[in-house]
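Participant: Listed here are the chains, written in short residue letters.
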Amino acid sequence: MQLLKLAALLIVGMVALSGCSATSGAEGRAKVGWTDDGAPLLNTKVVYNSSNLSRKVAIEEMTSSKAGDMLLAQVTMRSKAGDTLNLQYKFEWFDLNGLALNAASATWKPLIIYGKESKTIQGLAPDPRGRDYKLLLRDAD
Amino acid sequence: MKRIFSGCILLLLLALTAGCASKVQYGDAGSAKPLSVEFGSSDLQQIGEAMVDSLLTFPPIVEMTAQRRPVIAVDKVKNKTMQHIDTESITDSIRAKLIRSGKFRFIDRTTDEAAIAELTIQQESGLVDPKTAVDFGQQIGAEFLLTANFSEIRQRQGNITDTYYKFTMNLKNLRTGILEWSDEKEIRKTFKRSTFGG
Numbered sequence: 001m002q003l004l005k006l007a008a009l010l011i012v013g014m015v016a017l018s019g020c021s022a023t024s025g026a027e028g029r030a031k032v033g034w035t036d037d038g039a040p041l042l043n044t045k046v047v048y049n050s051s052n053l054s055r056k057v058a059i060e061e062m063t064s065s066k067a068g069d070m071l072l073a074q075v076t077m078r079s080k081a082g083d084t085l086n087l088q089y090k091f092e093w094f095d096l097n098g099l100a101l102n103a104a105s106a107t108w109k110p111l112i113i114y115g116k117e118s119k120t121i122q123g124l125a126p127d128p129r130g131r132d133y134k135l136l137l138r139d140a141d
Numbered sequence: 001m002k003r004i005f006s007g008c009i010l011l012l013l014l015a016l017t018a019g020c021a022s023k024v025q026y027g028d029a030g031s032a033k034p035l036s037v038e039f040g041s042s043d044l045q046q047i048g049e050a051m052v053d054s055l056l057t058f059p060p061i062v063e064m065t066a067q068r069r070p071v072i073a074v075d076k077v078k079n080k081t082m083q084h085i086d087t088e089s090i091t092d093s094i095r096a097k098l099i100r101s102g103k104f105r106f107i108d109r110t111t112d113e114a115a116i117a118e119l120t121i122q123q124e125s126g127l128v129d130p131k132t133a134v135d136f137g138q139q140i141g142a143e144f145l146l147t148a149n150f151s152e153i154r155q156r157q158g159n160i161t162d163t164y165y166k167f168t169m170n171l172k173n174l175r176t177g178i179l180e181w182s183d184e185k186e187i188r189k190t191f192k193r194s195t196f197g198g
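Chains A and F supply the protein sequences, listed in that same order. Residue 10 in the working numbering sits at position 10 of the first sequence, with consecutive numbering throughout. Residue 2 in the working numbering sits at position 2 of the second sequence, with consecutive numbering throughout.
There could be a bad hint or two in this list.
[Unchecked claim] Mimicking BS3-like on lysine-lysine, the simulated pairs with C-alpha atoms at most 25 Å apart in a straight line are:
| no. | chain 1 | residue 1 | chain 2 | residue 2 |
| --- | --- | --- | --- | --- |
| 1 | F | Lys-166 | A | Lys-90 |
| 2 | F | Lys-189 | A | Lys-116 |
| 3 | A | Lys-90 | F | Lys-33 |
No lab work stands behind these hints: they were computed from the structure. Since we're looking at a predicted model, the values are computed, not measured.
Please take these sequences and the hints and turn them into a complete structure.
Facilitator: The following block contains the structure:
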């Protein structure tokens, strides 16, 4: 009787879990602004939508630089896990008014971070209008 | 007791048949989920993006494109892999990204036949106002040629297949013959056959 109950619970668990894979991850948003002296200032905001991912990886630094008139984004992240992380990332770009430049064409790229390692990734704006960027990070499904 | 047992059977059946129904749905065209070690859509996207980012951030190229938009012709990719790959699709994707960056202009030799036919009609059919007809010999010559090599190294050991792809791209100055830029993108894909099942 007890065994049957356990089996029933196990099967209910199996049914509930089958076909489930979380696609939420983390988002880092960087907005380029200017200080009163005219120096560039980057406002960054990182949101972890997945507690699983926030336990494994930390977005440490988001910076940007110019290659001619194109903005180059750079994000440094550190693995908190001991084993290798298989992640995916993509950059989305926005113009001065916050309009998306590549929302439809941004593609996920694989990212492998070895245990406790810090890794830097870069992304280039699709055209000179790119001012702000968003980094999306998630577990490889 | 009997009721729990039949409940269990029902749930087991449910668990076994879950996800069995055939269905069609849209997928994410930008997904990076590999299905095999063969060349896939995400590989194409990664190569395209890596080449464009590298070319547009290379300091001499940044300097050159600051004031003008040089004209480039695209050569066929030398496919040295063991797969049949539509390499034109890779260069098309790179070309589209470079055009959209506003830094380069391209000539397309694949549509020349249609262009010649159109110009011939404009010049010789008598249908087109000679003032608006486009003359032969007005096109701009390319200053650079974009060339590429695509190679693959595949290794098999027991139940593991390891495939390494290397895409090398060069920008050749047609006047001087000098390679103004070159870069490569490497991709490694590993497939481990499970001991149980397929």
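Participant: Now, for every hint given, state plainly whether the structure supports it.
Facilitator: Going through the hints against the structure:
1. F/Lys-166 - A/Lys-90: OK: F/Lys-166 and A/Lys-90 at ~22 Å, within 25 Å.
2. F/Lys-189 - A/Lys-116: This hinted pair holds, its Cα atoms lying about 23 Å apart.
3. A/Lys-90 - F/Lys-33: Roughly 13 Å separates the two Cα atoms, so the pair holds.
Of the numbered hints given earlier, the model fails none.
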